[in-house]
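Those protein sequence lines, which keep their order, are chains Z and R.
All residue numbers for the first sequence refer to full-length UniProt numbering, where the first residue is 1 and numbers rise by one.
All residue numbers for the second sequence refer to full-length UniProt numbering, where the first residue is 1 and numbers rise by one.
Treat the hints with care, since some could be wrong.
[Stated by the list, open to error] Here are some, though not all, of the chain Z residues that point toward chain R, as calculated from beta-carbon distances under 7 Å:
1) Val26
2) Leu29
3) Gln39
4) Leu42
5) Val56
6) Met58
7) Leu61
8) Asp80
9) His83
10) Glu90
11) Val129
12) Ser171
13) Tyr185
14) Ala188
15) Ser209
16) Phe211
[As the list claims (entries may be wrong)] Mimicking BS3-like on lysine-lysine, the simulated pairs with C-alpha atoms at most 27 Å apart in a straight line are:
17) R/Lys55 x Z/Lys88
18) R/Lys39 x R/Lys55
19) Z/Lys88 x R/Lys358
20) R/Lys39 x Z/Lys88
21) R/Lys450 x R/Lys368
22) R/Lys447 x Z/Lys88
23) R/Lys447 x Z/Lys67
Honestly, the hints are just simulated from the structure, not real lab data.
Heads up, the beta-carbon is just placed ideally off N, CA and C, and yes, glycines get one too.
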Amino acid sequence: MKNKWGKYGILLAVAFLLILTAGCSVPVLDPKGPVGESQKNLIVFSIIMMSLIVIVVMVALTYMLVKFRERPNRSDEDYDPEHEGNTKLEIIWTVIPLIIVTALSIPTVITIYQLEDPPQSSSDKEPLVVHATSADWKWFFSYPEQKIETVNYLHIPTDRAVEFKLSSADSMASLWIPALGGQKYNMAGMETTLYLQADEAGTYEGRNSNFTGTGFAEQTFDVHAEPAEEFQNWVEETKQSAPELTQDQYDELLAPGLLQEMEFSSTHLEYVDHGSMDGSDYLIQRHGTEAFEDIPALEGGEDVAND
Amino acid sequence: MDFLLNEFLVTGDPLIYGAMVSIVLVSIAIVFVLTYFRKWGYLWREWLTTVDHKKIGIMYIIAAIAMLFRGGVDAMLMRAQLTLPNTEFLNSQHYNEIFTTHGTIMIIFMAMPFLIGLMNFVVPLQIGARDVAFPFLNAVSFWSFAFGAMLFNLSFVIGGSPDAGWTNYAPLAGPNLNPGPNINYYLLGLQISGIGTLATGINFMVTILKMRAPGMKLMRMPIFTWSSLITSFIITFAFPILTVALALMTIDRIFGSQFFTLTGEGMPMMWANLFWLWGHPEVYIVILPAFGIFSEVISTFARKQLFGYKAMVWSMLIIAGLSFLVWVHHFFTMGAGAGVNSVFSVTTMLISVPTGVKIFNWLGTMYKGKIRFDTPMLWSIGFIPCFVLGGVTGVMLAMAAADYQYHNTYFLVAHFHNVLIAGTVFGCFAGLTFWYPKMFGHKMNEKLGKISFWFFVIGFNVCFLPMYFLGFMGMPRRTYSIEPEWMPLNVISTIGAVLMAVGFLVFVYNIYYSFRYSEREKTGDTWDGRALEWATTTPVPFYNFATVPEITGPEAFWKMKQEGGTTYDKENLEPIHMPSDSGVPFIMSAFMFVAGFGLVWEWMFMAIAGLIGILACMVVRSFDYDHGFHVSVEEIKETEEKAREGEK
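If we strip away everything but chain R, and leave its shape as in the complex, we get (with noise of 0.2 Å):
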């Protein structure tokens, strides 16, 4: 009982009392609305064992929306603590703590995931293809990433969030300085979602470039396509590193080893190296589908071809490639020397040439077109001027000797909201409005996408702007009290988060209201699109395509528009082969959390049997006969005929 309440329960704060209430409260009106409606069925048939990409892309959105609300609630009381500096509202435990889980949860658990669930639903779109290349492995991907969700969320009820950054630098978040089970919840949460990144670049991978429908060549895949692509081999190349640094952090935070500790000759600095190894290109893993969707979008409400489409990819894999070569640029304090400054200073401003390219070559996309302004587009054209201030400011932070007087302070605070919001976040918007009537067969209700729009933008400006002068005036980031002199410009940025989380509030509710009351869509085309993803129906049926078409250029759909074609090709229909769906990827990722948790608190019984039921799990696996099932002919001009009723 002692332990329950001291350690095991995280006891004695007002806000964190009314959380655990919530969660009881939503846990148990879950449980109920399943039960009276009887929906377990559903749930576990329709979703939990669904191997279908287009069905786990939309839970990865779900629970990416549901992260960014939580990670908006955490950058709301980290507001309200620099608003209201002196009358404690969270103590510096409280804060740190949360600036921790809000940085985590927005790049790991909200922003990736996000941009992967649009990924899941439209790239075999985009290709004509059925499925991924492993279906199955892709239900693992989501499931490790939910539970490992799940498990760093668990931390703030439970024994207590990290509190060592989202960067969790060492020696601070090593055994020494941090002992407790906290920063174990990031080491393993990271690390079980990790699993399932990794397992979704390969995925990807493979899909993209063994799963084309005839004649789309590379130079012919839409963008969005190409820059999953790209993103999939920096997934593949950058997430071992975690693997491995995450990996030595727990050996020596569980097991005693000294890696990164201050004992034993432990080298804490190459945590910081093998962090950034990693998380610079995790920046582009986050920047680049974002990239690819205004690319999309920005061509479909200009009405023109994607203008100079070769210099879109070539810049895409530069900027893969250089993001690997400029990690040091997140610790030039460091001491490494001029030489090794000034390398990486060029390296990393050699990004904007790139990055230059694309945003005039998008302006260029407009240039003579016929521009409309419906929620998606404007989301694209509203990214392109914040986005360049984060991205000037970015080449003013890389400069190393400017760098020193700006690392750590609201400057560098200011810039990466600057671009990941504008870039990631926008993007984000924008491709779910965009391809929410391919997923829910209703568009988002235009007028409320504008407020909402209009609130986020110019809250985020609000907010964002004076950052960049309270990092001149010296304040440095992290720090949960201010000097009076700070408080102005921190009340405006407050002002600014208000109106953004109206502005959020206000996109989450027209998803309810367009589910309610928007006009049901008739055709599959709803934008008038250019890729192959608006040549199928709306609804799109579980195998996709009745038949893929043979694809003659680039912007496919666009084609097969002017020229005749269509993805139901009556005479030629075949059976189709699918996969079967398997409940294995829910519970060998639930046995995943078990591990972790035990592990978390170094229970060894429960880790060892966590980790048995994984083996189990790959075992039962292993010897699963089942190859799927083939869909008749007959079933297919059943489904295509009712879902094409609309078109005639």
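Just chain Z, with the same shape it has in the complex (with noise of 0.2 Å):
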């Protein structure tokens, strides 16, 4: 009896959770963007498919403990110790999961293929292409065609993809940003590519969501999603009022150690591909190990720039 107890608070605490959540903001569940939409409905089909088993289980698990627990007067008519098994039920609850796996798989395919191009509803634009690039603990946003570059936030277009040329100075990162979509690996000496989109206007949050060490944490950058002509305004503005990016400087700032937003009005693309084989050791031959081995306290970053 206490057992069926231990499940209404699990009911109850999941209901609590829900009221408790609902005043916050769940970015994953309400996405902004088309490609965060279709990770929701694949995300909201499965928990409704999953509910199905597990409240299946939880139903003949109450029955079995309350019909055949041992109790005085019960009688042994019921009592079967030599049952070993019913293979017709057997086969339907091999079947079913089947069934259920083979409804999840399938529009889990379509969607994975789906995701690796860009959305469709934007189709008639080019996207947007910008090499995002992490280093320890940092964003560069480097804009190859408009030819500016950004340090830990982020401006784009609404209504047209985002294609990110993803790729890492050091160790590996990840791209996140929930309120337009799932995540993907930045990776040094490699470049992987993520579509990403904005339907609405807004400031988002985004964050390196891989473990990378002690300025994990404080790797978030800010989207600024703007309709096509405040972006281009902004482009503009940036090309004409912020400095060249030397590449002295960018040396400078991949040491490991956390920044403020900066922007400047070339890339770095110039200098090195951290996305290409040979621009893996780029970092490491400059701040060699030296810089990793004491790591400074950590002062300034996006955070802080904000305040």
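Join these two chains into a complex; the hints should help.
As structure tokens, this is what we get:
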């Protein structure tokens, strides 16, 4: 009997959590672009299917425990110690899960393939290419077509796909903007591609979600999604007012540590391609192992700049 | 002196000073107690040199509970930090070290040893054997695990703990980005204990295949033995991968090779592949024996045969096979392409099918049963809903396209705790309380057992359910600071963790309480059991079975009870051949520790001295012509008569 109470407790806890989270932002379940939207649909579909399974098991378990528990006055009629199985039932509970797995596999595979290409909804426009390079513990966003580069923040136009070219100068990071969609790894010596798109203007949180050491928690950035004209204005303004990024300065910025938001009117792509095997030891050549031996107390960083 | 204070010892943190002081005090206390009660000889003769599988099993379990405590303290420190994020209770570096040791210790030095300990104690008894196939090797396994664990645990006071996560991904853990001894502790601690685990895999494979009682065909074996056999195969196939991966990274770090480095065209991603090629089967190494335990317990306390025995065996075999085909799901986000991700999504989801069959077969076992709610059964019943929740969220994670949103978040953290705690930890507790009377001659107290169960299981759900929501809210794992909006759920989570801690402490107190006050067992069959381990007397004589019964069907002891039969056939007693104890495994593993410590600090003189010591022990063993001894019929008679007094 006590066990039943345990289960009510769990249900109560879930209800309580739902109420508690009602007022908070839940970016994964409230996406602002088509990529996150298709992932959300998949997630909601799977939650419904999985809830069915959980309910079936809970009900069956409760039934067994109540009906077949040892209790005084229970007749021995429905006690059968030699009962050893039931092939028909076993086939049923092999086939039904197989059907469920198939039902989940089909939309999964379709979505996996879809996400390899830019979203359909903006197929009339060329995606905006942004090279997102992580280094311990900051983000460089280079716009090769616009010839500008930003550190720890990002402007993107709405209703147009963004083609992220991901790589890393050192440890493996993962670019994740929950409100826009799922993540992908940044790795040194190789380049991965991630398509995201914002349909709503706004400022979204982005971060590195893959553990990279001391400054990992602070390796975040803001994404400013804005209509195409505003984006274009920002590009022009940055081009005119921001300084150029020299190789010396870039090398300096690569040293492990935190940085504030910055912008430049040229990109680091002319100096090194971290996404190629040749570029994979660029940072180590310059900062060596010593820079990682004693990590100084971390100061600055994106959070600080925003305060 | 400068080296000692700045590099060798970890200085500057009051928590660690506290730990150092307590380590020193506890060590002094142990030495004092052993000397005062003159127990050094007893310790050496009865425990350190033993090759008896039962004693080795008990030592495994004691070590695992100690490690559960250590890993649990790590968990509580993390919860404290995430509840008070602005007080800098832990700084980033310290937090990173703690989640790394928490993960590594819980998987490698808690879950696996706990289950291997239960396997050690139970499997030979279940198959009617007098020891494992290679008793000496079994002792080597245990001591290399123990010294590997000691080496790993030393890191937090000497040199600093590993801090790259339990997955130890390159290049973060490589020589370029993480110089210093920290990561070496991880590599060598795991390497030394991994050797022991691999040996255990081989040992139990041979034991179960070659040493079963006459008549015990494979399909007549108790289900826990089946799970151990399958686990042994997984260990034997998976652990060499870990051994090689660890060795390659050790060479990278100590001798400057470039397998996984950023320089010299190393391939850091290769580490992730090798790690999970071992790491995913590892998950099943710690879950299948637990499945075996639940099967035994549920069938015993429902007082029924296991429902669908054949399906249970086949589903474990299928799970074992699939476990080697899913490793990529740990890094769907690496960008391997749609084809690869699709294949691994489907194989991963397929695992849920045999697992689902098992769940329903456990329910089927309860059907038409007469269910008793003793503590081992409570853990097994609690396992089902909690594990199903972990299982279905596992299926959700398997859907690669959705996984891009779950990966590296608290959704994932919640999922794997949901399967590993509900599966493995509940399984260990169920198994320990179930076989406890066989091990120690008395039950664990029921009332305390139930209290600890309810604290633990409620705390567990309160702790981990909120984490699914935290994942949806965008909270990444391994972060030591949190956003204000994640705060309320983190506080709830911490409350759950505290309840679990209380449950654990009550469990440990129960061990002491039961030792003092529990009624001693009079017969060997505490729970009206079904498999052969209950046919022995309690306490089990060191040779296990005076005579080995002929097995005529599954559930050997259940049949014996109905048809008559004994493990003490007075007419047919013969002298029993038993292996001799040996101090070599202990000494050899101690040398492994020395060699490992030398390598950690790159002190080659020490490493070489240790290696020479290991080789010397091997030579000693090779020229050891002691083939054991025979227990005389008179001694068997005397032992059995004394042990069976209570039955009359």
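Status of the hints after comparison with the structure:
A hinted interface residue such as Z/Val26 counts as satisfied when its beta carbon comes closer than 7 Å to some beta carbon of chain R; here the least separation is about 5 Å, so the hint holds. Against a cut-off of 7 Å between C-beta atoms, the interface hint on Z/Leu29 holds, since the closest Cβ of chain R lies about 5 Å away. The interface hint given for Z/Gln39 is met, as the beta carbon of that residue sits about 5 Å from the closest beta carbon of chain R, less than 7 Å. A least Cβ separation of about 5 Å between Z/Leu42 and chain R falls short of the 7 Å threshold, and the interface hint therefore holds.
Violation of the interface hint for Z/Val56 is found here, the shortest Cβ-Cβ separation to chain R being roughly 9 Å, above the 7 Å cut-off. A least Cβ separation of about 6 Å between Z/Met58 and chain R falls short of the 7 Å threshold, and the interface hint therefore holds. Given hint, Z/Leu61 at the interface with chain R, holds; its Cβ is 6 Å from that chain's nearest Cβ, closer than 7 Å. A least Cβ separation of about 4 Å between Z/Asp80 and chain R falls short of the 7 Å threshold, and the interface hint therefore holds.
Look at Z/His83: its Cβ gets to within about 5 Å of chain R, closer than 7 Å, so that hint holds up. Evaluation of the Z/Glu90 hint against chain R yields a held restraint, the C-beta minimum of about 5 Å falling below 7 Å. Hint status for Z/Val129: violated, given a least beta-carbon distance of 16 Å to chain R, over 7 Å. With its C-beta approaching chain R no nearer than about 4 Å, Z/Ser171 sits inside the 7 Å limit, and its interface hint holds.
At a threshold of 7 Å, the smallest CB-CB gap from Z/Tyr185 to chain R is about 5 Å, leaving the interface hint in force. The restraint placing Z/Ala188 at the interface with chain R holds, with a minimum CB-CB distance near 5 Å, inside the 7 Å limit. A cut of 7 Å between beta carbons decides the hint on Z/Ser209: the least distance to chain R is about 4 Å, and the hint holds. Taking 7 Å as the C-beta contact cut-off toward chain R, the hint placing Z/Phe211 at the interface holds, the least distance being around 4 Å.
Distance check on the hinted pair: R/Lys55 and Z/Lys88 sit about 44 Å apart at the alpha-carbon level, beyond 27 Å; violated. With a CA separation close to 17 Å, the supplied pair R/Lys39 and R/Lys55 stays within the 27 Å bound. Proposed proximity of Z/Lys88 and R/Lys358 is supported: the alpha carbons are some 15 Å apart, at most 27 Å. Distance hint between R/Lys39 and Z/Lys88 is unfulfilled; the C-alpha atoms sit about 60 Å from each other, more than 27 Å.
For the hint pairing R/Lys450 with R/Lys368, the CA-to-CA distance comes to about 25 Å; that is within 27 Å, so the pair holds. With a C-alpha separation of about 40 Å, the suggested pair R/Lys447 and Z/Lys88 falls outside the 27 Å cut-off, and the hint is violated. With a CA separation close to 24 Å, the supplied pair R/Lys447 and Z/Lys67 stays within the 27 Å bound.
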